[in-house]
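Undergrad: Each chain, written out:
2 protein chains.
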Amino acid sequence: MSLIVQKFGGTSVGSTERIKNVAKRIARWKAQGHKIVVVPSAMSGETNRLIALAKEISPMPDPRELDVVASTGEQVTIGLLSMALMELGLKAKSYTGAQVKVLTDSAFTKARIERIDENRMRADLEAGYVVVVAGFQGVDAAGNITTLGRGGSDTSAVALAAALKADECQIYTDVDGVYTTDPRIVPEARRLATITFEEMLEMASLGSKVLQIRSVEFAGKYKVKLRVLSSFEDKEGPGTLITYEDDPKMEKAVISGIAFSRDEAKITVMGVPDRPGIAYQILGPIGEANIDVDMIIQNAGVDNMTDFSFTVPRNDYAKTMQVLEKQVKGHIKASDIRGDNKVCKVSLVGVGMRTHAGVAGKMFRTLAEEGINIQMISTSEIKIAVIIDEKYMELAVRALHKVFDLDQPA
Amino acid sequence: MSLIVQKFGGTSVGSTERIKNVAKRIARWKAQGHKIVVVPSAMSGETNRLIALAKEISPMPDPRELDVVASTGEQVTIGLLSMALMELGLKAKSYTGAQVKVLTDSAFTKARIERIDENRMRADLEAGYVVVVAGFQGVDAAGNITTLGRGGSDTSAVALAAALKADECQIYTDVDGVYTTDPRIVPEARRLATITFEEMLEMASLGSKVLQIRSVEFAGKYKVKLRVLSSFEDKEGPGTLITYEDDPKMEKAVISGIAFSRDEAKITVMGVPDRPGIAYQILGPIGEANIDVDMIIQNAGVDNMTDFSFTVPRNDYAKTMQVLEKQVKGHIKASDIRGDNKVCKVSLVGVGMRTHAGVAGKMFRTLAEEGINIQMISTSEIKIAVIIDEKYMELAVRALHKVFDLDQPA
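Protein chains in written order, with the working numbering: chain S, -13 to 396; chain P, -13 to 396.
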């Protein structure tokens, strides 16, 4: 008998019919004697609907009030799912984030979980209840409703699993696991039986939308056993298990997968003096404007001058250019600022590349053979990412998937 | 400078445009220096949508979980309305029932308010905030979300006004006050400048949907000054003020208004023994089935036998007949049970009838002249109600409205 936390995404609970199906799935696990905590998202489309209402009222809604509104989506689902479980004869009880309580900081719309009281849940589990907890939301020390930001239900589930010391945290979604890359682009993409925590971090942050990155960080911190599964298959598949590197069973391929993202824009500040502090003078104002900078490259300078390039989310492109023109360009006497918001990022991810030389070379050669120009390169121990023209994205992903044998069983 | 509680019904906040209009109205009051607590309902249609979702999951949804779901409608509105107020440059802050907190008993879907903590609201009011509190909802001592039942936002507003000792509780709705009867049936119906608390009780319970009856009871108990106003007029009209009879200014017409209700079904248990306890034997099982009995008439018996008639809400008609057939008929050896769910109730209401003889006679004569048969009669000190065939309802209301001069200024 295990204690399992099960998270169901918005499409999995997108209609009352689907909620009933989720209830049946939970009932099967319960029938095996497990203790179950369920964390549903809002019904698909609901959070967007609520935020759209708020934007009709105010282009920049007050964050505290936005959380009051947005948190209702999950509150509806926990009630409906509890009813569906009771219809199947199970004992079930719902809790909002405030009721649990899931204590967060007061950073409305992007709050961080600080502590979870697990006592009420544990008492209910002992009494045979399926405990249904609203994802995505919490409450701050003053009793204000908070939300964790987009995809926060994954984080809620992992945090609950950590607090309850659950045996496994299962993330049910509309895919049956983590793939070597997006099967919509490469039909030969394979489901990975396991992926390491670090690889998952790279995959998630690089655009594989299966799991929210913060939830993976959280899982890593508390060593929560995390599994991604499909809620649309009748049979319970094994999904993909996120492992930790100290797991002795691990025997990894060189490359686990290929992530990609169109949500990229590249900006180059030309002809800036090559002196200490210049990076901060350029990126400081960007950070203050709440824009996340991803890749950063500073070329070696000639004549004490250099070019400074970085990438930002495509949505923030215009704002970034504005900040640079207004606050940076004159200040640092840059000769020009050039931007391109038609680029994409393609990344090879795999812990195996640590011990295998030549991965980068093979990647660059493959892209060159396809006639794809590499605009920026960024590497980590387990990742090589390149920025290329977005029109070559599918071509690059397919070519790399093939050349690294990702379509072959590991 | 007054402290005013303003309640806005579902149609008044039925769209984001309307919410903005409500915010403007509140801003006008605030500009006059008043302290304002606002209690909005859910956007019109929203509570029905949520309950329909629940019924898709379960024909008899668990009441605790139904409240978790249904209470989200008002939570959305408080957030949106607070944003709209802030857009106008006001300070505003929303509270759910649990946050205030509005402590209720644990009777889910029909909870009663036990106590309201007014400290947070008062501190916010002192600091210049418009305080926006979710109507219809509260929290029980164990922290469970409760709702007060349909129309409960009126009750929330009155209870908040009582707790805060507000100078006035304004109920904004889609009509500009309480009318002598429904203007859709009698175009000559007049708005009443004042109506007594007791008349309002009779009008509300008899089908004038302007105010929820429990809110009127609550207002009476705590002597809350209650005013019904329209939120659809640009100018602030005087509405209808609900007075208490100890108000010396009061000079009342004989009849204040005519209420009516189609939500009626009549049942007669025929040939029952005329002995003590028979009423309880018939009505006990009905009460246990949670059916509200309204009028009750027991005819004088002949040969120790009698007929026993009563009315129930039309929705409960089938259930009532079932209970009687199964649990009562054989037990008390009734000769027959007859029902009619095509009846309606028409009621004259007015504190003036206490001191004016002949009101009943005039009513019965008027109905007789129109050829309308009276099936049941029930009277109180300030009300005469009759059950008639529902096809005559409009005719009866129009004839009575005219004969009692309700179309003439008081």
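Careful: at least some of the hints might be erroneous.
Copies of the same chain are indistinguishable here, so a pair counts whether it falls within one copy or spans any two.
Stated by the list, open to error - With a cut-off of at most 20 Å between alpha-carbon atoms, the simulated SDA-like pairs for lysine to any residue come out as follows:
hint : residue 1 : residue 2
1    : Lys221    : Met281
2    : Lys96     : Ile358
3    : Lys87     : Ala127
4    : Lys77     : Leu111
5    : Lys96     : Glu174
6    : Lys41     : Leu74
7    : Lys10     : Arg384
8    : Lys348    : Thr2
9    : Lys77     : Met46
10   : Lys41     : Gly0
11   : Lys388    : Val309
12   : Lys77     : Glu356
13   : Lys10     : Asn285
Rather than coming from a laboratory, the hints here were simulated on the basis of the structure.
Quick caveat: nothing in here was measured; it's all calculated off a predicted structure.
Undergrad: Each hint: holds or not?
TA: Now for the hints, and whether the structure bears them out:
With identical chains, the CA atoms of Lys221 and Met281 are never at most 20 Å apart, being 41 Å at best within one copy and 58 Å at best between copies. Proximity of Lys96 and Ile358 under a CA criterion of 20 Å is satisfied in neither setting, with 38 Å inside one chain copy and 67 Å between copies. With identical chains, the CA atoms of Lys87 and Ala127 are at most 20 Å apart both within one copy (10 Å) and between copies (16 Å). For the identical chains of this complex, Lys77 and Leu111 are intra-copy neighbours only, at 10 Å inside a copy versus 43 Å across copies, given an alpha-carbon limit of 20 Å.
In the homo-oligomer, the alpha carbons of Lys96 and Glu174 never lie at most 20 Å apart, since the shortest distance is 37 Å inside one protomer and 57 Å across protomers. In this homomeric assembly, Lys41 and Leu74 come within 20 Å of each other (Cα to Cα) only across copies, at 15 Å, whereas the closest approach inside a single copy is 39 Å. Neither within a single protomer nor between protomers do Lys10 and Arg384 lie at most 20 Å apart by alpha-carbon distance, with minima of 38 Å and 57 Å respectively. In this assembly of identical chains, the alpha carbons of Lys348 and Thr2 never lie at most 20 Å apart, being 49 Å within a copy and 56 Å across copies at closest.
Taking CA atoms no more than 20 Å apart as the test, Lys77 paired with Met46 passes between copies only; the shortest distance there is 15 Å, against 42 Å inside one copy. Taking identical chains as interchangeable, the C-alpha atoms of Lys41 and Gly0 lie at most 20 Å apart only when they sit on different chains, with a minimum of 16 Å there against 23 Å within one chain. Taking identical chains as interchangeable, the C-alpha atoms of Lys388 and Val309 are never at most 20 Å apart, the minima being 41 Å within one chain and 73 Å between chains. For the identical chains of this complex, Lys77 and Glu356 are neighbours neither inside a copy (59 Å) nor across copies (59 Å), given an alpha-carbon limit of 20 Å.
Taking the shortest alpha-carbon separations for Lys10 and Asn285, neither the intra-copy value of 58 Å nor the inter-copy value of 55 Å comes in at or below 20 Å.
Hint violations for this structure: numbers 1, 2, 5, 7, 8, 11, 12, 13, all remaining hints satisfied.
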